[in-house]
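> Could you put together the complete structure from these sequences and hints?
Protein chains: 4
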Amino acid sequence: MLKIGVIGYGYWGPNIVRNFNSIPGASVVSVCDLEQNALSQVKNNYPGINITNDCNDIIKSKEIDAVAIITPVSTHYALAKNALRNGKHVFIEKPFVANSAQAMELIELAEIKNLTIMVDHTFLFSGAVKKIKQLIEEDVLGDLYYFDSIRINLGLFQKDVNVIWDLAPHDLSIMHHLIGKEPIAVAATGISHFNDDIENVAYITVYFSGNLIAHFNVSWISPVKIRTTLIGGHKKMIVWNDLVSDEKIRVYDRGVENGHSITREKLNTLRTSYRIGDMWSPKVKDVEALKCEAEYFVECVETGKRPINDGVAGLRVVRMLESSMKSLKMGGEVVYM
Amino acid sequence: MLKIGVIGYGYWGPNIVRNFNSIPGASVVSVCDLEQNALSQVKNNYPGINITNDCNDIIKSKEIDAVAIITPVSTHYALAKNALRNGKHVFIEKPFVANSAQAMELIELAEIKNLTIMVDHTFLFSGAVKKIKQLIEEDVLGDLYYFDSIRINLGLFQKDVNVIWDLAPHDLSIMHHLIGKEPIAVAATGISHFNDDIENVAYITVYFSGNLIAHFNVSWISPVKIRTTLIGGHKKMIVWNDLVSDEKIRVYDRGVENGHSITREKLNTLRTSYRIGDMWSPKVKDVEALKCEAEYFVECVETGKRPINDGVAGLRVVRMLESSMKSLKMGGEVVYM
Amino acid sequence: MLKIGVIGYGYWGPNIVRNFNSIPGASVVSVCDLEQNALSQVKNNYPGINITNDCNDIIKSKEIDAVAIITPVSTHYALAKNALRNGKHVFIEKPFVANSAQAMELIELAEIKNLTIMVDHTFLFSGAVKKIKQLIEEDVLGDLYYFDSIRINLGLFQKDVNVIWDLAPHDLSIMHHLIGKEPIAVAATGISHFNDDIENVAYITVYFSGNLIAHFNVSWISPVKIRTTLIGGHKKMIVWNDLVSDEKIRVYDRGVENGHSITREKLNTLRTSYRIGDMWSPKVKDVEALKCEAEYFVECVETGKRPINDGVAGLRVVRMLESSMKSLKMGGEVVYM
Amino acid sequence: MLKIGVIGYGYWGPNIVRNFNSIPGASVVSVCDLEQNALSQVKNNYPGINITNDCNDIIKSKEIDAVAIITPVSTHYALAKNALRNGKHVFIEKPFVANSAQAMELIELAEIKNLTIMVDHTFLFSGAVKKIKQLIEEDVLGDLYYFDSIRINLGLFQKDVNVIWDLAPHDLSIMHHLIGKEPIAVAATGISHFNDDIENVAYITVYFSGNLIAHFNVSWISPVKIRTTLIGGHKKMIVWNDLVSDEKIRVYDRGVENGHSITREKLNTLRTSYRIGDMWSPKVKDVEALKCEAEYFVECVETGKRPINDGVAGLRVVRMLESSMKSLKMGGEVVYM
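Protein chains in written order, with my numbering: chain A, 628 to 964; chain B, 628 to 964; chain C, 628 to 964; chain D, 628 to 964.
Each hint should be verified, as a subset may be incorrect.
It does not matter which identical chain is used: a pair holds within one copy or between any two.
Below, a list of computed lysine to any residue pairs in the SDA-like style, where the Cα atoms sit at most 25 Å apart [stated by the list, open to error]:
#1 852 / 869
#2 862 / 823
#3 912 / 783
#4 852 / 862
#5 808 / 823
#6 910 / 922
#7 956 / 788
#8 670 / 629
Simulated from the structure, these hints should not be mistaken for lab results.
See below:
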């Protein structure tokens with residue numbers, strides 16, 4: 628039985644506690660938060676769980692095996708370092724940490740101590756991403772042409788990070804998980820509107836070798852909520868709409884006929900060489916992604932298996948965020964990685 | 628009665644002939660095309676219209692008052708110059724010409740000769756754009772925050788121009804018409820997939836002074852057709868979906884409460900200060916935009932009135948296209964205008 | 628503090644316990660179910676609540692003020708009668724009881740004992756129904772022409788009742804709440820497919836005086852889930868789609884121009900006299916309907932106020948269900964009420 | 628070359644002329660209408676076609692092989708009879724005629740004279756209906772459970788027929804074409820609102836032997852346009868939305884597992900035995916249905932082949948309309964056929 632202490636019981640913390648508490652092989656023994664309100668809520672809902680406002684009660688507890696860090700990103704590094712030093716496995720909210728130097732230090736520390744770091748890129752455990760991953764692995768799409776993601780909403784403004792740090796970690800982690808290629812460069816642009824310097828609309832382009840491109844549109848000030856990703860391959864193309872309950876994924880048998888090796892001369896004569904075939908919407912398992920991830924964390928800790936969303940995966944996302952911020956500061960210039 | 632000669636009877640030409648031929652005050656007297664097939668089609672449908680494969684038959688005709696140039700963009704400049712020199716008013720397919728030097732020369736020539744140039748930015752005459760224009764003029768939206776446009780499809784690849792020159796003129800002309808501000812800079816990125824150097828996916832960012840940003844996503848290789856524009860203002864936000872027959876425009880009473888002058892400190896304490904009110908979909912007149920534009924051309928020629936889509940408007944779009952291409956060539960660098 | 632005992636902890640019971648337990652002024656003190664599993668679940672989630680498999684422990688408890696009956700409809704009458712005789716207020720799952728004789732007996736008993744009966748027509752407390760009710764009361768729609776409801780799904784087959792008894796109580800109660808008129812007659816037709824005699828697809832027509840008609844389509848074997856209601860009036864028309872999170876209600880400024888008093892002769896000459904105006908989607912409050920209903924139950928019990936969803940409202944729905952069944956048995960014949 | 632005379636150039640006539648005039652093997656030689664405006668339009672668009680306001684000019688013309696009758700239904704019988712007597716093949720607008728006696732007389736007359744009657748049930752020639760027909764013939768759906776159709780709009784009110792005669796012929800002809808079974812009985816109900824006796828909203832139920840049911844919802848006073856048909860089978864279910872340009876047909880791999888021979892006892896224990904599998908949207912050919920039908924008419928006339936939409940097919944629809952009207956007049960009583 629993996630005993631877990633949870634630090635942070637704000638917006639996301641309750642989901643962490645509920646899930647780790649409901650799976651076999653794990654139990655939440657203690658929750659820490661600075662707000663008395665949050666702790667009262669824990670006490671009400673889980674009379675058996677200890678509460679504290681001192682994170683050291685968790686980090687230094689002999690009883691606890693793993694620490695879940697569900698706090699603002701600026702606090703991640705210090706808490707995780709401390710937890711690792713005290714021999715705790717770490718489950719940590721995305722984005723991993725505030726910069727890549729911190730990430731590398733934590734990865735190394737975990738390596739030395741033989742501990743597991745898992746970054747909470749929840750979407751990787753959703754039925755939709757698992758299905759798309761499977762389709763790509765089975766080469767249903769063929770060579771990939773583009774990855775185009777929109778995640779916009781009239782959302783909760785964050786006070787400490789901009790919309791890129793808030794929303795893009797989802798899409799950047801999904802992209803890498805699905806594509807499995809290292810980006811060459813990143814460019815980002817964005818804008819803030821409320822006399823602060825926190826961008827609430829941003830666009831990121833990620834460049835790869837070959838003719839693959841990725842693009843991300845993130846916004847806190849859209850009147851409508853959109854979470855759509857298009858993935859184009861030379862054999863098939865996918866539209867993933869995460870907001871519908873049914874038919875989240877649509878696979879289109881569409882493309883440019885023989886397009887892969889088409890020459891320009893051919894195109895001239897064959898202007899209408901499009902292939903528009905059937906559409907197919909595979910059933911996607913309706914599971915709570917976070918529950919799967921929690922079970923996977925327990926499994927990784929117990930078997931020593933390296934998680935797909937380990938510190939290195941977390942670092943990869945942080946690097947793209949860092950490069951995006953650098954590009955943003957330089958007015959959208961392309962930043963090589 | 629304005630007598631019109633039409634040069635080019637390919638994809639778009641038949642619409643031009645049909646519309647100019649059906650409105651009072653104008654008639655198409657001659658059509659030129661290099662393809663015999665095209666000319667036979669004209670003869671079949673319009674026995675009364677002359678056909679020719681020599682554009683000089685039109686450009687130099689004494690009978691003809693105005694020339695509609697519906698040919699590939701590379702031919703626009705020479706044909707338009709010739710027509711203007713021969714005293715003809717010019718109605719010209721978008722994009723106006725291949726570069727801004729050509730545009731300026733034609734504008735000057737028309738000025739001297741007191742002739743009308745109208746660039747066929749058809750969308751400006753659609754019910755949807757007219758309605759949005761009205762809403763902005765009535766200050767329904769308040770200060771503008773962003774203009775975000777998606778125009779993607781599994782479309783007809785062009786052989787001579789990339790997807791930016793093909794699709795973006797629509798959105799760039801609409802944007803300027805609605806916003807009425809001059810851009811400061813442009814950045815563009817894109818990719819080609821078929822062993823040619825013709826980008827089939829591209830993203831353009833247009834920067835303005837103040838905190839307004841515009842972004843454009845154009846693609847020929849999307850499995851689904853999307854034509855959606857979001858326009859965010861501090862009072863209201865608009866979603867325009869041009870592909871639905873009903874409710875093309877939705878006006879959302881949504882925003883950040885007091886957001887316009889909000890300070891960061893306030894935001895910290897008021898994280899949930901969103902305003903989510905009613906949505907309203909004003910009726911949009913169901914007119915054929917091209918018919919309205921044709922009537923407007925006749926009116927402008929007859930009264931000497933300067934069209935909203937005159938040579939200068941065409942030049943403005945060409946400049947943004949040029950800057951986009953420059954940025955694209957430099958790997959996405961920001962190009963100041 | 629209203630002390631509540633809940634009988635039945637199957638599909639819907641947990642929601643009842645959660646809501647009555649979370650509102651001020653009420654607390655659930657005991658839950659009864661025949662399944663040990665269900666009771667263990669209660670114990671786990673609510674250590675402070677008593678559990679029992681004998682409903683008399685609740686019905687005869689001195690401590691308990693009100694009984695919530697969340698069991699199959701065949702058991703409603705006996706349980707409710709018993710509870711009322713023991714001086715308990717009754718909150719009872721829809722449909723109220725199995726026939727109108729039972730309903731009348733219970734209503735009378737509650738009257739004599741001065742106790743409250745509330746039938747759980749949850750939808751009446753949803754933001755959408757409240758908003759439509761308000762629009763109708765403000766005469767936004769004008770005279771009503773039709774009420775057309777579709778509630779279909781690949782749903783849970785019931786073993787004891789057909790799709791009419793299962794799904795139509797929702798729509799029949801909503802219809803009466805909104806329209807406020809007594810039906811004259813009912814006709815119903817349906818079909819069963821699985822060698823039982825339980826209809827899984829059914830259509831109900833409800834007739835009113837004047838030119839108002841209501842129609843209901845209920846099904847357990849639709850491949851897609853649809854919950855849409857159209858309400859047409861001579862001034863405005865409403866489309867209510869309960870499955871979208873945003874813009875559930877759309878109010879259309881559409882109708883036949885002067886249609887209300889139009890003569891046939893006029894129609895002949897004015898074939899196109901339609902009015903197609905704006906559409907407007909009022910914001911609907913995002914509340915949990917059952918929570919509002921629970922609070923309302925407490926309020927009615929404490930003040931003696933008669934609920935809108937009292938026994939009489941429950942009886943009205945049961946009468947329409949009875950008439951529907953009678954019509955169904957007679958092959959769709961119209962049954963006068 | 629089949630020479631065709633067209634009687635009636637109102638709403639639908641221009642489409643008939645355009646299509647019969649554009650296909651190889653046929654040409655329209657004469658058009659008759661009582662309105663001078665209509666005839667002028669013909670003259671403008673087709674200078675080579677004769678115009679007349681006397682239908683006998685067409686019916687008795689030696690030159691003409693076939694007559695297309697595109698007039699109000701009340702005139703169909705007399706015109707068609709006259710045409711057949713004069714040895715002309717007949718293409719006739721739906722519904723075929725005003726009652727089944729007329730239909731039978733015309734069928735017999737055509738039989739004797741060895742002439743072709745084709746009733747213009749255009750939808751049978753649409754890509755969508757062809758694809759569904761193919762799926763049913765290949766037994767993709769399995770045994771059919773239901774056919775449920777909605778065709779509603781804020782439509783053109785007809786002055787001479789109600790909404791059943793106006794809209795239901797489409798769906799009744801599609802239903803029979805797809806299902807191929809003869810109905811046992813029909814029930815219909817409806818309502819009129821504008822001081823005439825012309826129903827503008829109606830519901831029709833069609834009963835078959837076995838456990839198959841069909842239901843039709845037609846309306847001229849819906850604020851939104853819906854044209855959706857659900858067809859449920861024991862193996863697969865179809866949703867056909869005719870208003871979308873892409874993905875008109877969706878085939879759902881959904882049903883009740885082993886549902887076909889399931890016993891009620893099994894259902895009791897296996898409440899969740901649903902099968903929810905993939906969805907698949909086969910490509911539907913994007914053809915103009917009327918053009919295919921026109922070509923098919925020419926083929927049938929020339930080869931003597933009996934059309935699928937012959938007089939008998941037209942009669943079948945008229946019989947269902949007649950029975951619907953009878954039911955309507957009797958307040959919704961079931962009418963056996």
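> So which of the earlier hints does this model not fit?
none
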